[in-house]
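S.K.: Protein sequence lines, in the order shown, are assigned to chains A and B.
Taking this note's numbering, the leading residue of the first sequence gets 978, the next gets one more, and so forth.
Taking this note's numbering, the leading residue of the second sequence gets 978, the next gets one more, and so forth.
FYI, nobody ran anything at the bench for these hints, they're computed from the structure.
Backbone N, C-alpha and C define an ideal beta-carbon position, used for all residues, glycine too.
Relax, there's no trap hidden among the hints.
Have a look at the derived ranges for each label pair, beta carbon to beta carbon:
1. B:Asn1036 <-> A:Glu1153: 32 to 42 Å
2. A:Asn1036 <-> B:Gly1234: 43 to 53 Å
3. B:Ala1150 <-> A:Asn1036: 27 to 37 Å
4. A:Gly1234 <-> B:Lys997: 55 to 65 Å
5. B:Glu1202 <-> A:Ala1238: 55 to 65 Å
Here are the chains, one letter per residue:
2 protein chains.
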Amino acid sequence: MALPKRAFIAGGSITSFIGKGHPDFIWKKHPDFGTKENPTWEEFLQQAVDELIAQTGLNPADVDRLYLGNFTGELFVNQGHMGAGLVGTNPAFANKPSMRVEGACASGGLAIMAGLDAIAAGADIVLVAGVEVQTTVSARDGGDFLARASHYSRQRSIDDFTFPALFGRRAKAYCEAFGVTADQIDTVSIKAYGNASLNPKAHMKAAKMDADTAAASYKFLSNEEYKPFVKVSDCSQVSDGASAMLLVSEAGLAKLGKSTADVAEIVGRGHSVASLYEDGDLTKLTTSADAVSKAYADAGVTAADINVAEVHDCFAVTECMMYEAAGFAGAGEGAKLAASGETGIQGKIPVNTGGGLIGFGHPVGATGVKQAVEIFRQMKGECGDYQIPNTPKYGLTINMGGDDKTVVSLVIANGAI
Amino acid sequence: MALPKRAFIAGGSITSFIGKGHPDFIWKKHPDFGTKENPTWEEFLQQAVDELIAQTGLNPADVDRLYLGNFTGELFVNQGHMGAGLVGTNPAFANKPSMRVEGACASGGLAIMAGLDAIAAGADIVLVAGVEVQTTVSARDGGDFLARASHYSRQRSIDDFTFPALFGRRAKAYCEAFGVTADQIDTVSIKAYGNASLNPKAHMKAAKMDADTAAASYKFLSNEEYKPFVKVSDCSQVSDGASAMLLVSEAGLAKLGKSTADVAEIVGRGHSVASLYEDGDLTKLTTSADAVSKAYADAGVTAADINVAEVHDCFAVTECMMYEAAGFAGAGEGAKLAASGETGIQGKIPVNTGGGLIGFGHPVGATGVKQAVEIFRQMKGECGDYQIPNTPKYGLTINMGGDDKTVVSLVIANGAI
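Isolated chain A (complex conformation) (with noise of 0.2 Å):
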């Protein structure tokens, strides 16, 4: 079904994503190690919400509801009820509807959703936020934290490290059904470095990577079978970090002081669940080409209209799917556009532009709210070094949970084309 009701991000804010290999992350050997603590999650959350407010001169008390996006504070930073954190980094916010939404990495996506509901049930003002803090704990820890996002009774003992090897099951999958091949996949990876290296906001904007580099990395899976198929320069980083944005109707457009042509307009969506339980075709993200239909059925328009994306590239991998799932490749064919370079900055689809989950980073719930962010601030021309060179008529975002199991798709308008 189409949008009830016109709904509009008004502006955005992304926090600095960090973790190990950020410069600024106080880890064994930073010069604060010991002294200094890494930002809270009520930090990053507060950073977001006021960057937000300053942002767009939102008065705080017009808020009508408050929607996060967290996938396991509950782990790796003991805290559930987040709704009433974000509740908490305003004295305006006081009895205001908010709650938390998850659906593993898709969870900020899901914030979103929720808002856009709001909207149609006539609210003029919304306020989605996403976060997530999960460098607190060792990886291998982190990778059984994480597990919770599979159906951890069935698939936790594929490996030490879930996710990987469920993504180095696709990938083997893949290869052997296209003939992909890895130095292929790894132009995924070049690419997301490249653009971090853009990105001060960027987890990785310090790193450096190449074919030899992404190459010769260390392929950790125990389980045997799909260890061949990742590559530590295949994985989305385990990032800090939070992001906010204001999703308004026309009448919180003409509240906020602005125009259509400030903003940029939410013209379709799509949302589609599969069973935790099973598992269909490795070798296609059917789910997410499912919410993606949705979305531009909704916005009437289809992949030829794209002129940016984010789409959700937990690996490398993931990022070749996807470019399926979105209709920029036919099947099997990802891989080569990857390596075609037609989705680098300069390219004529540049997706992940900011480098994405594998180089700007994944802080888990605050993802999906950052595709949305990244797509707006492509459109507003605020990306700087990696702003691409033509404006964006249309931009999609990709946003997954778990295996192809929870998937968010937007189609996003820049209301000033």
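With chain A's structure known, arrange chain B on it following the hints.
M.R.: Relative to chain A, chain B alone:
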């Protein structure tokens, strides 16, 4: 704001709520201990959905959206991403929009709020469910897990049992401010266990509670200041279970072949959230009162119009304070109302007729859904031995998360009156 579109409860299911103290719960002295297992979260959820489908004659393919309330599956059952589990309960749900929402013990109420927005946004049939399994760990570990509903970094250390201590703090403030006595508060637990003994699905259906037993009940807190104010008999149960309901528009009703007389209508709702970071007046549930006042305003009713209620008795003192938040009693008069017997099944305003969180049990994510289903069942005469004598016209629910932080309140009208 009033509901933008009429929304009806077309049916609801509740599984048995079980845990320690329930005769069927497999625990050390149970004959099946070591050979059989208690049901999993997947099994409880499946049972609730299957029963709902059977009861309402629903064609699962007609469901437009799905929402699931769950507090902290990540910890108790190693599972997030349960929205995809809900989709897994029926093949016809594949690719439909589904999400888990969370606001501590108000998670089920939030799922209903999200469902109401979905109706307003154009959905006709929405499946709302809640589930929690929490008997997988020791009481002490469970106390730590549940402390994720408080502001963990600030409040965890109040006691090993954080929430009993937070409500011990309220009980102390409440008793001292208003001269309330423990034996007055005990009448809440005595009613809860008494009602539960009439309810075959109740966790505490086989337990007995009278004034002497309550008075002698163990005070288990380590915190010396609050220890005198909390006994085992005051506490809601650590239960496993699920509940599901069908929320439908007028068009959805027609699809189900039902008339308004067959169902109940949600005519008012309030959703208020307070900051996780600070606490207000300990003698009042101010956030709950705010949510109820919104629900009453929506519905155009007052406390005097309510014929039956389900309120969040996470502790016995909470129910007394909820009477005040609901306007059933003045400030400090809630305990007297409890002691008067007027909130019993035969009383003027029956509250928690199936036993509430103390007697029926409290599988956290299911509770908010169960409350609304209980009101529906009282309206339709489905409560068996605990059916109230006069068919209610209006029912009230108050579902609270944390220490009066996230509150959802509903006014439900009987379509047959």
